[in-house]
Amino acid sequence: MLALRKVEKRFGALAALDNIDLEVAAGEVLGVIGPNGSGKTTLLNTVTGVYPPSGGRISFQGADITGWKGHRIARLGIARTFQNIRLFPSMTVFENVWASQHSRVSGGLLALLRSCPARSCGDTRRVEEMLELVGLLEDREVLAKHLPLPARRRLEVARALTSDPPLVFLDEPAGGMTPAETADMARLIREVVAPNRTCVVIEHKMALIAGVCTRLCVLDFGRKIAEGLPGEVLADANVRQAYLGSDGALDA
Amino acid sequence: MDDYVVTVLSNIGMISFIALSAYLLLLTGEISFGQQAYFGLSAYAAGAATAMYQMPIWAGIVVGACAAGLVAMVVGALTLQLSGLYFSIATLAFAEMARLILLIVEIQVDVDGEMVGPEGANGFHGIRWMFERDISLTEFMLLIYGLLALTLICLLLVERSRLGSILRMLGSDDLLAEMQGLNTVRYRILAVGMAGVIAGVGGALYAHFTTYVEPQFFNVMLGVHALAYGLIGGLGTAFGPLIGVAIDIGFLEAIRFIQGYRMIVFGGLVAILLIFMPRGILDEERVHRLKAVFSRRNHARA
Amino acid sequence: MIDFVQNTVDGMMFGSSYALLAIGFTIIFGVMRRINLSFGATIMLGAYIGTWLHVHHQVSVWIVALTTLASTVLVGIYVERLCFHAIRRSAVLASMVSSFVIWMQLEEAAIHLLPERTYAFPALFAAVSFELGPFLFRAEQTSMLVLAMIMVGALHVLLYRTRFGLALRAVSENPLAAAYMGINAAWVTLCAFALVSLMGGVAGYAILSTDAQITPFFGLWATFKGLIAMMLGGMGSLPGAILGGLLLGVVEAHALWYLGNEYKDLSAYLLLFGMLVLRPGGLMGQRILSREALAFRRV
Chain A
1 MLALRKVEKR FGALAALDNI DLEVAAGEVL GVIGPNGSGK TTLLNTVTGV YPPSGGRISF
61 QGADITGWKG HRIARLGIAR TFQNIRLFPS MTVFENVWAS QHSRVSGGLL ALLRSCPARS
121 CGDTRRVEEM LELVGLLEDR EVLAKHLPLP ARRRLEVARA LTSDPPLVFL DEPAGGMTPA
181 ETADMARLIR EVVAPNRTCV VIEHKMALIA GVCTRLCVLD FGRKIAEGLP GEVLADANVR
241 QAYLGSDGAL DA
Chain B
1 MDDYVVTVLS NIGMISFIAL SAYLLLLTGE ISFGQQAYFG LSAYAAGAAT AMYQMPIWAG
61 IVVGACAAGL VAMVVGALTL QLSGLYFSIA TLAFAEMARL ILLIVEIQVD VDGEMVGPEG
121 ANGFHGIRWM FERDISLTEF MLLIYGLLAL TLICLLLVER SRLGSILRML GSDDLLAEMQ
181 GLNTVRYRIL AVGMAGVIAG VGGALYAHFT TYVEPQFFNV MLGVHALAYG LIGGLGTAFG
241 PLIGVAIDIG FLEAIRFIQG YRMIVFGGLV AILLIFMPRG ILDEERVHRL KAVFSRRNHA
301 RA
Chain C
1 MIDFVQNTVD GMMFGSSYAL LAIGFTIIFG VMRRINLSFG ATIMLGAYIG TWLHVHHQVS
61 VWIVALTTLA STVLVGIYVE RLCFHAIRRS AVLASMVSSF VIWMQLEEAA IHLLPERTYA
121 FPALFAAVSF ELGPFLFRAE QTSMLVLAMI MVGALHVLLY RTRFGLALRA VSENPLAAAY
181 MGINAAWVTL CAFALVSLMG GVAGYAILST DAQITPFFGL WATFKGLIAM MLGGMGSLPG
241 AILGGLLLGV VEAHALWYLG NEYKDLSAYL LLFGMLVLRP GGLMGQRILS REALAFRRV
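Protein chains in written order, with our numbering: chain A, 1 to 252; chain B, 1 to 302; chain C, 1 to 299.
Read the hints as simulated data drawn from the structure, not as lab findings. As the structure is a computational prediction, the values presented were derived from the model and not from experiment. Just so you know, even glycine gets a beta-carbon here, dropped at the ideal spot from N, CA and C. Please note that a few of the clues may not be correct.
To be verified - Which residues of chain C face chain B? A few of them, derived with a C-beta cut under 7 Å, are:
#1 S90
#2 L93
#3 E108
#4 A126
#5 A127
#6 L278
Unchecked claim - Not the full set, but computed from the structure, chain A residues with beta-carbon under 8 Å of chain B:
#7 D18
#8 S59
#9 Q61
#10 R75
#11 R86
#12 F88
#13 P89
#14 A99
#15 L143
#16 I225
#17 L229
To be verified - Here are the in silico distance ranges between beta carbons for each label pair:
#18 B:R128 x A:P52: 29 to 39 Å
#19 B:T7 x A:D164: 53 to 63 Å
#20 C:S90 x B:F131: 27 to 37 Å
#21 A:D164 x B:I107: 50 to 60 Å
#22 C:S90 x A:E138: 30 to 40 Å
Based on the sequences and whatever the hints tell you, model everything.
Below you can see the structure in the form of structure tokens.
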């Protein structure tokens, strides 16, 4: 579904991504793990068009999307969340989720001037369904900045899913959460995000990774050092070395 | 009403256009110190249309507004990669450039044996549409407020529309907006162009109200005032900048003992507001709360 | 050819005063990542207070100089408290707008102090010019260029060789981390602002002495020329401030000579706009300031 061929990203002298080859198969939940600064978020930013890769090619569902602008890639069907949660803080919960509907409204200038958010533009019912699924329907008129952290993460997930993208990237969906909240997020990913679509999860928390991922890929210093089934990868000596020095438990 | 009151009210109306123009850009997250350039360019273009080429006033306003909008879009396209401080300084540089060019431009045509047209530093005299048609100040004031009401209605409609929420998304976080599939470049140029048109309508009216324009009027102080009105009144609704205009011209002008200390009071007021209400009196949060109160009342009634 | 060189020399002479002003802007930007638009008005009010003493109380030139410096520092501290300290660091544009309206305030205060259009400025030294081959130099303008270079040198030493400089750079990079290191960021910023105002006072005094007069337009002039020179050189760069000032002076001098007076200011803004469009980082600043770089910083 998504294929990266020899993708590179350099910032000055620093190679944030170095010759990455990666295939994401339709329907899987791929976990991308690696120490801080290993290039996980850069990988995500390069794929979603925040910045173009310095080299290599990226293709999605057969189309070459290398160097495309972010909005075109988003329209093509790759949605994402952000590591440091990005919402429109002064908009309501409903408006935040509904924001992802813009790309689905067709028509020229006239469609732009339709009164919104109203039934006539975008799929209001779909927005409400998603809010229901992530448990935020009650809070639909609350301003996003007034939500607690776990709810903000769920809101981001709802926003990413509402446009019904075939591929979703989740960037540390359980960042800053307690173990109980992490378990909730894992359940949300398993039951709501994963069915019927492909999903890439970037995460540190092994509790989440082990619970949802069907395959793992490990980055270190911008290179891919391991790839495979979760059990095999986590047992790999190189991975343990990269993550924890020599030994220790991988369940931090 | 005596002429003084009509003139003050007309000035409030015309300044409101440039305040609305600056407000529209504030919504998209950019601070422009240069909206006075579009006001001025349109004043010259509209004046030229009616005084030099005998067009009717509506055509003059259209010509002025379109010219302002087009120039604004070109400037917007040139400054696309700039944001924040850099964008503000670039708009400032452009506006001063435009003003200094108007100081040089001299194009005069013969109209009934009299030379009419921009005359460099001497300004542009003889935009006498109002006198030629014997239109009173009061009637012209009604025209100003009619167009202002129209502009305000359009802006309020835009705010309620998809475009409005897209612009607010752009202002809040343009990367996030891009990731929602929005072509942020296109919307930004559209916003800059719309802001230019709004300032342009005000400028076209101004030229015909005063019958005489000079580049000096379109200096950076006008732009900063326009900007301050939105920041005082609030960025939550298009009524915000109008409240700002009313506070400055209506309220401060009225208090006699402030005369001569106007900028000290105004400057202090804005500086203190920026500390305690950085997005103005009617900011997004208060507007949201007000809306909630109103909708609850409507529900109760129904 | 002789004209061309003489114009370039004249431009550099004028440019040296732009450079002096640009140093103040660039330090404030370097420390706070914000722009202080009231910088020119601050200097102007300081100089007006000095001149007022001279006009109404006939104090000596030395007292005028000292009062000018002291009141510039006080006004600078007022600006810092109101427009920078009280506003969140991240609200870059709010600070800029705030400093703009405070500019208006300071200017009106100065005009209330001395309401006439022009006053003779009590200079410490008289105008002297000297010739070098076929070219004419003005001594006081040449000394301004030297003064600008000395200031940049002193600032460089201060920033990279002293503990205060280290604290200043730490605050500039990351105020929160600096606070964890036990640096009082608010105090360091205030000191930096006072220092910049003092240097602004020195610059203003030198420029006004050269002009031998003071008008209410000085604030606008100083802010715009300093700002343009800083942007041309690159925001936050000390050598950039001098380079930007000289470039601005030279371009203006040539525009004045070859095109006429009305093109002098126009050329300055054209240069600034062109630089922002083509190379937003300025001569010595960051090479790119593209959306990509911005996005990288934010993600």
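Given hint I225 of chain A near chain B, where the shortest CB pair must fall under 8 Å: Status violated, d = 29 Å.
If I claimed the Cβ atoms of D164 of chain A and I107 of chain B lie 50 to 60 Å apart, would that claim hold in this structure? Given range 50 to 60 Å: holds, Cβ gap about 58 Å.
Between S90 of chain C and F131 of chain B, does the C-beta distance stay in 27 to 37 Å? Violated - the Cβ-Cβ distance for S90 of chain C and F131 of chain B, about 53 Å, lies outside 27 to 37 Å.
Any CB of chain B closer than 7 Å to the CB of A126 of chain C? Since chain B brings no Cβ nearer than about 34 Å to A126 of chain C, farther than 7 Å, the hint is violated.
Hey, does the R86 of chain A contact hint survive, CB to chain B under 8 Å? Given a least distance of 5 Å, the restraint on R86 of chain A holds.
Can the hint on A127 of chain C be confirmed by a CB-to-CB distance to chain B that is less than 7 Å? violated (29 Å)
Verify the interface restraint on S59 of chain A: the C-beta must sit less than 8 Å from at least one C-beta of chain B. violated (19 Å)
Confirm or reject the claim that T7 of chain B and D164 of chain A have a C-beta distance inside 53 to 63 Å. Check passed, 58 Å falls within 53 to 63 Å.
Quick check on the hint: L93 of chain C CB to chain B CB, less than 7 Å? holds (5 Å)
Interface hint for L143 of chain A, Cβ within 8 Å of any Cβ on chain B: Since chain B brings a Cβ to about 6 Å from L143 of chain A, closer than 8 Å, the hint holds.
Would the stated hint for Q61 of chain A survive a check requiring a Cβ distance to chain B of less than 8 Å? Violated, because the Cβ-Cβ distance from Q61 of chain A to chain B comes to roughly 16 Å (cut-off 8 Å).
A99 of chain A as an interface hint toward chain B, with CB separation required under 8 Å: Holds. Min distance 5 Å.
Going down the numbered hints, you'll see the structure goes against 1, 4, 5, 6, 7, 8, 9, 16, 17, 18 and 20, while the others check out.
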